[in-house]
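Participant: Respectively, the protein sequence lines represent chains A and B.
So the first sequence is residues 1 to 283, counted in the numbering used here.
So the second sequence is residues 1001 to 1283, counted in the numbering used here.
Some hints here could point you the wrong way.
[What the hints assert, rightly or not] A few chain A residues facing chain B, derived, Cβ under 7 Å:
1) P108
2) R110
3) I164
4) S166
5) R266
6) S269
[What the hints assert, rightly or not] Calculated pairs, DSBU-like style, for lysine-lysine (alpha carbon to alpha carbon, straight line, at most 30 Å):
7) K1215/B with K193/A
8) K57/A with K1215/B
9) K1215/B with K1193/B
Bear in mind the hints are in silico, worked out from the structure with no lab data behind them.
Glycine included, each C-beta is placed from N, C-alpha and C at the ideal position.
Number of protein chains: 2
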Amino acid sequence: MGSEADEVVLSAELSVVEENGAEAIMALLRPKEDMFGGVVMEVGEAMEPVAFAALLKAAMRRFRQQEKNGIWLKLALTFSSLVDAAVKEGFKYHHAEPDYLMLVCWLPSRPCTLPANASHRVGIGAFVMNNQREVLVVQEKLGPLRGLNVWKFPTGAVDEGEDIASAAVREVKEETGINAEFVEVLAFRQGHKYFFGKSDLFFICMLKPLSFDIKLQESEIEAAKWLPIMEFVNQPFVQKHEQDKLIADICLKKMEGQYSGLSSIRVKSSTDRINTLFFNERT
Amino acid sequence: MGSEADEVVLSAELSVVEENGAEAIMALLRPKEDMFGGVVMEVGEAMEPVAFAALLKAAMRRFRQQEKNGIWLKLALTFSSLVDAAVKEGFKYHHAEPDYLMLVCWLPSRPCTLPANASHRVGIGAFVMNNQREVLVVQEKLGPLRGLNVWKFPTGAVDEGEDIASAAVREVKEETGINAEFVEVLAFRQGHKYFFGKSDLFFICMLKPLSFDIKLQESEIEAAKWLPIMEFVNQPFVQKHEQDKLIADICLKKMEGQYSGLSSIRVKSSTDRINTLFFNERT
């Protein structure tokens, strides 16, 4: 595929890089030093893969001389034609989002201490009970319980950047139309090798309903209703499965006023972030 | 760059694909249907980007006819030369690990309901107290508290696939040489826009020490010692920062027997996974 022509271009590009030295690298790869002895680069404009390969080679030579640690390279989706050149230069993937790919190359011979990619997906299940001791339950159109006629709590994923409490309120509203407010995290479970091999944290949140008329989310939810809590707990599916039974028992205890979970409070961290701290207020 | 030659190859490849129909796609892209009306493909052998582009085009035409939802494409790092062709065909990045990139293309016109990438990094801080009411504290060589002479709990990241309790025990052992066993999660905090913009969950774990002679991890830890708990709590840094003070107060309450956190139990899920459920046993 035109390898001779490519080599001519490559050699021309390399000499441009050598002549202009640091300036070309600075202008096109915009390297910035990080707090850990590494460098972060981001391609800011379109270029030919061959030119990019030459530029990257020169940059990496420089970073090796400077004894840098991890070299990060962020490539927007639009620059997908440059991914291959970076891999050929020794970069591996670190993480990706829909619109970019982050690659990284660890230069030292000592073991790599780069921070790992996000390790967990986070989800919520919402325990919402009205004054008649009925719980809000749904049947989903898709998923493992489909067609089993099992009533379950509304559940959903916590989005990146979303508070656990907000996610619970949002999912209840989306799936059932019910307005509710967050009360407590009653319990949570950790599991491994879920979607894409990631670990998974699932928070059982108690919510207090603020409205009672159900309006189904037609696209995902087959049915939703208020179900007497004992009918929910006594479902054979719940009684048969250890984890489901234990969670149901926690909800029953909570109903009887014999359980305290973790409520949430906004707190400022030492680095001036506004975080949410979940702790047991009642003890 | 040899576009005429490429077109000839492309047209040849396309006719191969058309002639052999499903077989070529099955053999080279190994499509499998998923539980959500989608298809998962994984390239299993090296091929030229041009041939891959033709194959992918034919496969996508087929999936559109079949009204499939999300089309997943897993490309090992060694097949980085094929990334660009997939993006040109309409794929976006979904997630990546060091050795592979997962791309996805959502076909329907209705809103995308694909599962999101892992959203959270997870960490632990370990509250370890001996019988003399001294807590195990460290000073780190790197990080934001470096050089501030602040004593803090041992902390660390929970690896993908690692239990929260195991991570706490491991970090205490690594940083200080102390053997300890997990007792409870006392509290946890959620924050956003940490590393790479990911959200972050941090679990304060109480551990019971099983040994007492400190052995420093020289590479990361500047100093470690057993510190009377009131000296820990009364550090100006702890008293000045809301989140640190609240966590210290929780630990004090726990010491006085006036706090119950969440202990852990192994449970089997309805899908036969062995998970860990954290809940308040004492109420």
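Participant: Taking the hints in turn, state whether each one holds.
Facilitator: Hints versus structure:
A cut of 7 Å between beta carbons decides the hint on P108/A: the least distance to chain B is about 13 Å, and the hint is violated. Proximity of R110/A to chain B is violated relative to the hint, the smallest CB-CB distance being about 9 Å (cut-off 7 Å). The restraint placing I164/A at the interface with chain B holds, with a minimum CB-CB distance near 6 Å, inside the 7 Å limit. This hint is violated: S166/A has a C-beta 10 Å from the nearest C-beta of chain B, more than the 7 Å allowed.
Here the hint on R266/A is broken, as its CB sits about 9 Å from the closest CB of chain B, past 7 Å. For S269/A, the interface hint holds, the least distance from its beta-carbon to any beta-carbon of chain B being 5 Å, beneath 7 Å. A hinted pair counts as satisfied when its Cα atoms are at most 30 Å apart, and K1215/B with K193/A does not qualify at roughly 34 Å. For the proposed pair K57/A and K1215/B, the alpha carbon gap of about 43 Å is over 30 Å, so the pair is violated.
Taking the CA atoms of K1215/B and K1193/B, the gap is about 34 Å. The hint is violated against a cut of 30 Å.
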